[in-house]
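So the protein lines, in turn, are chains A and B.
Residue numbering for the first sequence follows the working numbering, beginning at 243 and increasing consecutively.
Residue numbering for the second sequence follows the working numbering, beginning at 13 and increasing consecutively.
Derived DMTMM-like pairs (lysine to aspartate or glutamate); straight-line CA-CA distance at most 20 Å:
#, chain 1, residue 1, chain 2, residue 2
1, B, K144, A, E253
2, B, K145, A, E253
3, B, K51, A, E420
4, B, K144, A, D515
5, B, K145, A, D515
6, B, K51, A, E355
7, B, K51, A, E421
8, A, K413, A, E355
9, A, K413, A, D515
10, A, K306, A, E483
Just so you know, the hints here were simulated from the structure itself, not pulled from any lab data.
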Amino acid sequence: MATPRTARQKEVRRHLLVYAGLTPFLVIAVFPIYWMVITAFKQEPDLYRMENIPFWFNMAPTLKNFNILFYQTNYGSWIVNTMTIATWVAIITLLTAVPAGYALARLRLPGAENIGIAIFMTYLVPGIILFLPLSRVVATLGLQDSWWALVLVYPTFTVPFCTWLMMGFFKTVPMEMEEAARVDGCGQLGAFIRVVLPVSVPGVLTAVIFAFTLSMQDFLYGLAFVSPGDQKPVPVGVPTELIRGDVYFWGSLMGAALLVGLPVAILYNFFLDRFIQGITGGVVK
Amino acid sequence: MTTASLHGGPEPSARAAVVSAPARPAERMWWQSHSAQRKTFGYTLLAPAALYVLLLVGAPFLFSLWLAVSDANVGDPVAHFVGLENFRAAWEMDTFWIAFRNSVVFLVVAAIFKGLLGTSLAFLLLQNFRGKKLIRGLVVIPFTLPIAISVLSWKWMYDSQFSVINWVLSRAGLIGSYGSESWPVWLGQPHLALAACIAVNVWRTFPFSAIVLLAGFTAIPLEVLDAAKVDGCTFFQRFRHIVTPMIFPILMIGFLFDTVFTLSDLSVVYLLTQGGPANASKILPVLAYQIGIQAGNLGRGAAIALFLVPLLLPALILVLRNIKRREW
Chain A
243 MATPRTARQK EVRRHLLVYA GLTPFLVIAV FPIYWMVITA FKQEPDLYRM ENIPFWFNMA
303 PTLKNFNILF YQTNYGSWIV NTMTIATWVA IITLLTAVPA GYALARLRLP GAENIGIAIF
363 MTYLVPGIIL FLPLSRVVAT LGLQDSWWAL VLVYPTFTVP FCTWLMMGFF KTVPMEMEEA
423 ARVDGCGQLG AFIRVVLPVS VPGVLTAVIF AFTLSMQDFL YGLAFVSPGD QKPVPVGVPT
483 ELIRGDVYFW GSLMGAALLV GLPVAILYNF FLDRFIQGIT GGVVK
Chain B
13 MTTASLHGGP EPSARAAVVS APARPAERMW WQSHSAQRKT FGYTLLAPAA LYVLLLVGAP
73 FLFSLWLAVS DANVGDPVAH FVGLENFRAA WEMDTFWIAF RNSVVFLVVA AIFKGLLGTS
133 LAFLLLQNFR GKKLIRGLVV IPFTLPIAIS VLSWKWMYDS QFSVINWVLS RAGLIGSYGS
193 ESWPVWLGQP HLALAACIAV NVWRTFPFSA IVLLAGFTAI PLEVLDAAKV DGCTFFQRFR
253 HIVTPMIFPI LMIGFLFDTV FTLSDLSVVY LLTQGGPANA SKILPVLAYQ IGIQAGNLGR
313 GAAIALFLVP LLLPALILVL RNIKRREW
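Generate the whole structure from the sequences, applying the supplied hints.
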């Protein structure tokens, strides 16, 4: 009995050490989010009483901040805008990146590898260099001041990333599948659509998730191209429209940020490893 | 020369053209056309994505070069060539050099802290312990939360009067009470403002550094390490000769991606301080935005944004080389 107990004690001690090491990281990472949550549900006067301990409710929690958001601001339209933009971006990304990824991975095109890298590299051209010329493009097309401008420009980063992602994904589908399909009389397009695509649903879904989450990470393009209050997506509308001059309604601000930010964060969380895999060039299996 | 041609018959290739479909040449032609068809099919599938990227990334990039040497203005659709005037004007602007210096300081200081925090976190997450998935999921939230949204939380935590950070420091006796000399106004004091912005960037990206590093560690096959152990390698030797070279490429890519994103991100500074107080936290992206969009001077703005290129280029080249070396 003596040996297993000391082994167990060792294990417990090791756990305690690891947890102790992780605690500061957890506090740093999570506290700002906790602070948002608690602020969103606090009554206004409760935010400004420095003599109380601010980490918990000193007055009853309230939903008033959310009420203000939905009834007195454009928040509702921002959510609709965000979802509509993301949906269009996802559609455009799928229609372009999935076929391109397939072509680059499977059809033994001359120069496929270099073309793939070239497309991926454009993901690294930062928006800050592109936003001024793109503002001209947007203006020429008459899209300034509408969220359609963002539908046009967000694929500039989702298409390169998702093409790269799909390229990696299609490489993992066994070649025999298409060969069998061809033997059975499928054309090239038929083999792609009827045989390869159905087994690639997880990959395609991942691309959709990234089209969604990456478009919600943007701030610059939304800030630069869309100024009417009711046309903005949430990440741009909340900081630019809810802050007027020096008056901050912190409760509503935090509520607005949370309501959209947390679902995105959680969704992204599940696919983070795929993201890292994508940018490190698929070397990490 | 074949027997047939010796006997006065046509060359096989010529014969193939006359006689319909003899076996071998026809087979080759079928294969050739199949290959051509495959290529056509492939390039057709590739075209939409390639066109999108060419038209909306490639062309705008070239267009930004043109803007930078023109007097393009938001109000005026006709732009004239002005040579290097915009670059010269930027060069002579005090604000530009402050922004340039701040950008470099921002990048370097943030990278050091991200590196330290990320590495320690990665080593902790490498251990096996209960609740690892949950803890990992919580710790990476800063990176997955849209940046414009999490910055708001920081703006509230940095509030000049009701800052929760100051509340803690004050209760701990490290600073005086509100209004006293030692009460920090995070976003209002020149040195603190830039540091406060850097802190948000570090907070957002240290989980990214950790996860990239972790991905590198877990890509090392355990057998290799075990084999080295059996062969009598010390911990240090294993680290130096196996772990480091194996994770180095991944580490580089993560580091360089972060460089690109940190250098070109305007949201943190724009939302926290707008570059203030008195340009103390101004960085190049914020300056480019303020001049290009807010002041409407597209040419000048484009020129300032392009000053990021020499800072980014080494990063881009290194990424390219690293990706190319990869086994597919």
